Each structure stands twice: as C-alpha cells, then as structure tokens.
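Trainee: Residues per chain, in single letters:
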Amino acid sequence: MSTKSSKNLAPALELKNVGKSFGNVVALRDVSLAVYPGQVTCVLGDNGAGKSTLIKILSGVHKQSEGEFNVAGVPADFNSPRDAMAKGIATVFQDLATVPLMSVWRNFFLGNEPKKWWKPLGILDTIKAKKVAKEQLLEMGIDLRDTNQAIGTLSGGERQAVAIARAVYFGANVLILDEPTSALGVRQSGIVLKYILAARERGVAVIFITHNPHHANLVGDHFFLLNRGRMIASFERETVVLDELIQAMAGGSELDTLTHEINVIRND
Amino acid sequence: MTTVKTDERIQRVSFLTKALRRPELGALLGALVIFITFALADTTGQFAGLQGAAGWTKFAAPIGIVAIFVALLMIAGEFDLSSGVMVGTAGLLMGNLVSELGLDVWPSMLITLVFAGLVGLANGYLVIKTGLPSFIVTLATFFVLKGVNLAVTKMLTGTVRVDGIDVASDFESARTWFATKIEIGSASFQISVVWWILFTVFATWLLTRTAFGNWIFAAGGDANAARNAGVPVARTKITLFVLTSMAAALVGAMTLLELRGMQAGQGVGQEFYYIIAAAVGGTLLTGGAGSAIGASIGAAIMGFAAIGIPYALWDQDWVSTFLGVILFLAVLVNTWLSKRAKGARK
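Line order of the protein sequences matches chains A and B. For the first sequence, the positions run 1 to 268 when this note's numbering is used. For the second sequence, the positions run 1 to 346 when this note's numbering is used.
It is possible that part of the hints are untrue.
As the list claims (entries may be wrong) - Okay, the calculated bits of chain A under chain B, using three or more residues with CB under 8 Å as the criterion:
#	region
1	77-88
2	111-118
3	121-135
Keep in mind that the hints were calculated from the coordinates and are not lab data. Predicted model only: the values in this text are computed from it and were never measured. C-beta: ideal position from N, C-alpha, C; glycine also.
So that you can see chain B by itself, here it is in the shape it has in the complex (with noise of 0.2 Å):
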C-alpha cells in the first residue's frame, strides 16, 4: 500500500526528456562532442589535461564574464553592441587615470566602474525613453567610444597604447585579486576564472531564484503581459544594461592589470564573442529564454577552439570559421531541441 499522493496524470518524464527541456542542454552536449574531438585530435598530450584546462579557462574566462551578463540582458529582450568595446574604454580610463593623474590602482577601479556602470544606465535610458532598439543604440555607443577610445588615447600618450601602470604602489596588491595565477598541480590558472566561475553561480541564482529574474524573463518574453502584472520593466532592462556595462568594464580592468598597459583599439569585436556565447548556450534572441551557465558553457567552447586547434597543429587562421559554423549548428540544435521537448521549463 502506498500513501504518497500523487497525480495520476503526471506522466512520469525521463531523465533525457527533462534534461531535454533545459536550454543550455545543447550547448552542453555540443561542449562534450567538441571537446572530444580537440582531445582526440590532440598533438600534444595536454588538451584533455590540467595544462590544457588552465589554456582554454585563460582564453574562455574574459568572454564568460561579459557573456552571461548581455546572456541576461538578451533574455530581457535587449542586446549590448558596447559591451566589446567597453572592455577597452574601461582599461583605457583605468590606465590614464594611474599614469596621467597618478591615482593609486584601486581608486581608478573603482572610478573606471562607476563610469562603465553610468554608459549603462545612459544606454538603457535612452533604449527605454526613445523607444529605439537597443541593437540601434548601443551600436551608437560602440562607435562613439571607439572614436573616443582612439582619440582620448592619442590626446593623452601622443601613442596609441597607456603604459606605466605598474608605477603605483599598490599594483601588485590589486593584481593579487584580478591578474594572479593560481597553482593546480603543474598547471597555473589565471584567477579569471574563479571570477568567471563566482559570476555564472551568481548569475544562475539571480535568474532562477529571484524575483529579479522572474522579471529578466518577463521583460523579454512579454514585455506588454509584464507591465500589465505590476512588473517594472524599465527599471529591470537599465539595471542590466548597467551590469553588462561594468561586467565589460571588471574584464577591462583586469586585462589592465594582467598585460600592464592596454591599446587602444583592445575589445573591439568582442561583443561578437559574447552573443555567440549566449546563443550557443541556448539564449533565445528574441528574448524571454535562456541561461547563464548557458553563456558560461558557450564561452568554453571557445576556449576549446582557441586552444585546441593549435593544438591539433590546424591552422590556427581557421578559428573564426571554426566558430561561425559552431553558432550556427548550436543555435539550430537549440531550436530543434526546444521545439522537439515543448513543455516544462523551469
């Protein structure tokens, strides 16, 4: 005799189906299959290994950070084209206000996100009160902080790179958090990836566990549904745009601190990365769908890619063939597999 009540009509779903109906289950299959192949293919013995672990984390933990951030902000129904370049803009802001102004390290940190977070706010300000897509605005922003980026540059160093970081007295006390390495074995990984790591638990805990992201999710699916339910989507679009902007702006500063001086023309290209990220993770980019760890597994694959093909002795030209055509198979097992497991999804 049994006394669990349960509801006869709830069919019992397998594993594989529930696995099936989570978003970033592609993207995670994908991972494995590309993994295997680049170890398989492997010269060297040490892309399956920790030596291997510590070269894509290097190469995928930059990406992930931004990635899960525009990943939530795409599923709100928006896109950041700034989030690449802000990278540099922050690095940049970062590294004058030490060398120039002769600022400590952390103040500048401190100053450059404050500054990230306010083209945040502006770009999500004027996405909401024009009523312009955010593709059309943020591509503005990408292209003004380019020019700026050169301009300011050139203006302050009379070159085209800011140097002379390493100066101040608390560059090593600041790199200890944001450019250190750390020891596994024979391996040393960069300390990114404990951030990139810390982000995507956060991320995840924040879309799925709060009412926050209850609202991430209801801004992208229906926005119209969304307000008619008393849910302040305005106010959860410009928060994100703020993240993704000091998101961007965090990875800037510790390319900063890790290559002691940054050019010019640094991220330029890489909000490409971080859109690829978030849909090969199974972001919907009509929004309304979509996870961190989803952005986090697709910034993986590019580090499986960036390692593994030189790896594999390929020539190394290939790479940004290589994940075109990644982006677009993940994007259509997503949907297919979407379609294919319509019904729940957390």
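Here chain A stands alone, though its shape is the one from the complex (with noise of 0.2 Å):
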C-alpha cells in the first residue's frame, strides 16, 4: 500500500471553519477539513452528527452558512449536484445510486450514453457501452459473467461497486461515499472496502462518510469525527488506534455512563 504523504499534495477539496445553519437550528459549526487525491478520508459520526449536512454541503445541494468551502483551492460556487459533478466531485448516494431493472451496461452509462453517428440523434452505441462497461468493472476488480443482467440480480455490495465505478470512469477527481456499507453485511461490506481502495489506487480523493469505526478503520488515512454539528476530533493513518476512535467517535464520557447504566440494569 502507498503512503503519501498528504503535506506534499495541494487538496483535492478544503473545508475552512464552515458553518451551516436552517432558520435558528445550527447543524454544522466551525468544520475544517482537507481531502486529499489517492487518499481515503473518512467522516464518522453518529446519528444527527450532521454527517448529511456536510454531504450536502459538498455534493451541491446546500451552500454553507459560514466559512470557505475551495474546490482545486479555487472557491466553490455550487448551485446544484449537476455543478459538483461538472467540477468532477461525484456523490454516491446509499440504495439510490442504481435502476434495478435496467442491464449494468444500460445502469453504468445512465445519464452518460456513448452515442455514434450524429450525437444529437442519441443513438446508443450499445457495443461501445457493453464493451467499456465490462473492461471498466473488471478494473476495479468487478468480474461480471454478463452485462446484459438487470442490476438488481447483483448484490447490494456488487450494485453500489458499479455506482462507484461509474463514477471514477466519468472522470470523478473526488467521490463522496454516504454509508455505503452501513446496509450491508460482513461480506458485502469488504466487498466495497476493496472498490474504495481501488478508487484510492487510482488517484481519487475518496470521503468515506460511516458510523462504523470499524470499516473506516480498515480503509482510511484520514479521520475526522462529528459530533453534535461539531468536528471533535481528527486522526491520522499511522496514530489511530481503533479502541480509540470507537471511543472518540461515541462521545467518550458517553459511552462510560451508557456502559455504566447498563451493568447497573443487568445486575438488578
């Protein structure tokens, strides 16, 4: 495995004390972040640590309320998740990425047909798509027996290796993963782990967005903990200690007063 070093690389994408609030409700508060290409960067946080905010905020949907938000080190002015993905910033977005019904050839080129002869008539190059598709999953280590299968035959971690396929062959500089194990089991997840680390070995910046340490354990280099709106804590490849960001990532103190609550109800 590759060890860059993040202090030599300009970020892919950089967050500056950024805020963002809905009417008198403050979901996200002062967060700095750098993400870097060929480096797996992951968001933990539990339930309502605003994790879909900052999803949000990067994918285009919501602009913050407050900080910096650069793009390339370019100031980032996004209007919509088309804008994000014009600037090659590609969300992949859990169960809501893929047609169950249409062929993983037809699904991996949606929205992205190759056409031939005059492009305005939008005529399918169905050999061209069948081709590529097949080379590109292959790439990312994804051997399918036949293209021609309703994606909804493949597992869940197989359908969500497609969408994050498709998004690093359409040229995503950084991909934005939100939960993309948190549905799946034991199998299915490594499954995916292996394809973010192929997306890694391939340059792109990846954000792993998780509520399990244990997978962002396994993939990152970088690790940034929300709480409560709030970046609590950041680790880093070579110092993280797995106890610790379990630790970390429930609140610490918390998770000793659950502990203790519950050893007091099993000894009642």
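Mind assembling these two chains? They're in different frames, but the hints should get you there.
Mentor: As structure tokens, then:
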C-alpha cells in the first residue's frame, strides 16, 4: 500500500471553518477538513452528528452559511449537484445509485450514454457501452458474467461497486460515499471496502462517510469525527487506534456513562 | 484447439430461456394461442387468410398506434387517461377547422397536431409541477375534454356531429396518406396498418437504441436514481406525454378522414384499450419495464377478438368480457414468466 504524504499534495477539496444553519437550528459549526487525491478521508459520526449536512454541502445540494469551501484551491460556488459533478465531485448515495430493472451496462452509462453517428440523434453505441462497462468493472476488480443482466440481480455490495466504478470512469476526482456499507453484511461490506481502495489507487480523493469505525479503520488515511455538528477530533492513519476511534466517536464519557447504566440494569 | 476467449462462468443459455426473458414473449405466445383458437372456430374460412388479416389489422392499427406511446409512457411510470378522448377532440377540432373555418385539410391537421402536443405538454407539466399522480391529472383532462367535445360541437354545428370535410380541395390528397386502402391479393388493407408498423419499429428503436430510451426505462424504474445519475427525468416524461397526445390526434385525424365526419363521443373509453394492449404486451404498470412490440401484439390480440368472434358466429356482445379475461391472464402469465426468467433483460 502506498503511503503518500499529505503535506506535499494540494488538497482536492477543503473546508475552512464551515458552518450551516437552517433557521435557528445549527446543523454544522466550525468544521475544517482537507481531502487529498489518492487518499481515503473518513468522516465518522453517530446519527444526528451532521454527516448528511456535510455531504449536502460537499455535493452541491446546500450552500454553507459560514466559512470557506475550496475545490482545487478555488472557492466553490455550487447551485446544484450538477455543478458539483461538473467539477469532478461525484456522490454515490446509498440505495439511490442504480435502477434495479435495467441492465448493468445501461446503468453504468445512465445519464452519460455513449453515442454514435450524429450525436444529437442520441443513438446508443451499445457495442461500445457493453465493452467499456465490462472492462471498467474488471479494472475495479468487479468480474461480471454478463453486463446484460439486470443490476437488481446483483448483491447490494456489487451494486454499490458498480456505482463507484461508474463515478470513477466518468472522471470523478472526488468521490463522496454516503454510508456505502451501512445496509450490507460483513462480506458485502468487504467488497465495497476493496473498491474504495481501488478508487484510491487510481488517485481519486475518496470521502467515506460512515458510522462504522471498524470499516473506517480498515481503509482510512485520515479520520474526522463529527458530533452534534462539530468536528470533535481528527486522526491520521499512522497514529490511530481503533478503540480510540470508537471511544471518540461515541463521545468518550457518554459511552462510559452508558456502559455504567447498562451494568447497573444487568446487576439488578 | 480453440482460441476464442470465453468466460467459463457464462452458462450456455438456451434460446428458450433467452426468449423467456423478453417482456413481450407472454403476449406473443398468447397471441398465437388466441389466433389458432379463432382460426379453428372460424366458420367463414377467412380468419387465418388475407381477408381476415385485413379485418383484424383494421381494428388493431388505430389502437396499436396510440397503445405504443401509452406503453412508452407507462414504462416511464406515468398514465395518460386522456389519450382516448384526445382521438375525438382531435377529429372534432380538425373537422371544425375545415367545415366551420373553411381551412384546407392539411393545415387543419397540422394545427390539430400542434394543439394535441400542447395538451400533452399541459398534462406533463401539471404532473411534474404539482407532483400529483398522472392518473388523476389525466383523468381530469379526460373529463374536461369530454365536456368540451360535446359542448363546442353542439355550439358550432347544432348537432353532436361534425360533417362536411370532404368539400375541402385537398381532402383526397390527405386521404391518400391517412385513409386509403392498399390491395394485397384479394384483400384490401387500411393504410393505417403501414403507420402502425412504422410506429412500432420507430418506438422499438427509440426505446432500445437511443439515450432517450435509456432515460424512459430509468425514469420509470427509479426516478431518484435516474436524477442522481443526471437523467432529465421531467423532460423525458413531458416529452412522452406530448408524443402520446399527438399519436392520439393522428388516429383522430385518420378516423375523421376515413369516416368523413366525427361524433362528439368518439374515442371515449379507448384509453382502456390502449392500457390493456400495453399491459398484455408485458409493460409493467409500475413502470421500468416493457416494450413497444408488446403493445402492438396486445393490439393485435384485440383485433383477433373483434374479428374472430363474429367469424366464429359467437355472440359479439361478449368481446369485452373476452378482453377482460385475456388482460387478467396475460398479466398473470407475464408476471410469472418474468419471475421465472429473472436475470438478463435487454
């Protein structure tokens, strides 16, 4: 595994003291993070920590209320997810990435169909589409028997993997993964984690949003912990310890209190 | 020694299994069974021949032309219940433009098609903007147009019928394209059959070989995922509402030219024939799957029943009952087949 020093690279994406409030509700406060090409940045947080708000700012759904949001050193001005996509920021939403009844190759090229002859006619180059889909998936380590099969026949992990491969192929240099493993079993999660590393090897800046510290610990280079809308801790791969991650994520003392309370109930 | 690179995990799929995966297969098998049944019950000796074909295609073509586009719309996850009444609206509008305003047939037809396109645009726009189910929006359009058809026709002509379009100088030239007959052997086929075949080929190509076709499947399969992938879902659906409405208007124009006039109630109830044809042809009512050929096969089955029942000297009053049973059985078999052969679907 390559160990690139983040110090020598310019961040692909950077947040400086970003905050977001909806009316008088403060969803995110004073969040700073930098995301580097070829590295996996994990954003961990429990439910309600502000992960969704963070994703929505990064993917162009919302604008931050305060602070700076830079993409490749330039201030970002996104009015829609399409604007973010145009800057190479792709978001793979859990369960909302593919159309189950459509074939794998049709899904792979959905919204970016390869055309032949006179382009405005929109005639599909089906031969190229099938070939490229198979090749690209193979390159990400997804070996499919037949790209004609409906994507709904694949497992949840494979479907996420196709969505990741698709985002990488269409030039994403920042890939935001929203809880890609939360609905999956152990084996399936393993498959997705493998593809996260495959995307990383291809120089993509991966933002892995999860509430599972075990999964984050397996693939992450940097770790940021969100709690109640604030960035409460950050770790580097070299220094991180899983227990520390779990402790920090659950809010440390809160977990101790919870453990204590449960033990009291059990001893009754 | 073989040098052909194959993937050993690809199971050799038999032709039958492959065919079973096509959504319109159930309809094709059903059509064959029904065709053979009527051919056996036939008392005239003509059902299975050219004469019979001229008969059932005459019935099926006008249904098929609209049903194809209704099917595309259903694949995209929407209904158009105003497609039947639109046949009448278009015929009456075109008829009145000729007989009341004295316009020629060709410009009247053009205006009618544009008007139908605008009604389709309104349908689509309202469905997208209000977020109401298209079932309700187009049901409203249906009743609005049904009332307009009757009221305006009475207002303009004093009767419930529009007549007198054959006085226009270009009446015959328009008929050559839309209401003439083609002699094949001893049988004379309606030219609408040619249009039906052309539209079937066009819609099949559109659906399976263009980016727009990809968007149709995606819009009905999972609109959210489609949007996330950058598919213009709203534009796709609105375009299909426009095309459906215009297809209905074309059939209205053909009917007007064929009959040289039109009743105010024409077309009402036809929308169900279109939906039946699409559903019998393997189009999912929930959207996301289906085919144009399937809808055409569905329309052909209706043609078989319409001609076959009187040819067998059965009581013709039972045609609707027959279609009801066929609809139920076809959808049942289609569902069963697609479950069994789940896997590749082109």
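Trainee: For the region 111-118 of chain A, does the count of residues with a C-beta closer than 8 Å to a C-beta of chain B reach 3?
Mentor: With 4 residues in contact (Cβ-Cβ under 8 Å with chain B), the coverage given for the region 111-118 of chain A holds.
Trainee: With a Cβ-Cβ cutoff of 8 Å, does the region 77-88 of chain A contain at least three residues near chain B?
Mentor: It holds, with 3 qualifying residues against the three required.
Trainee: Between the region 121-135 of chain A and chain B, are there enough contacts, at least three residues with CB-CB distance under 8 Å, for the coverage claim to hold?
Mentor: Three-residue rule met by the region 121-135 of chain A, so holds; n is 5.
When the structure is compared with the earlier hints, no violation turns up for any of them.
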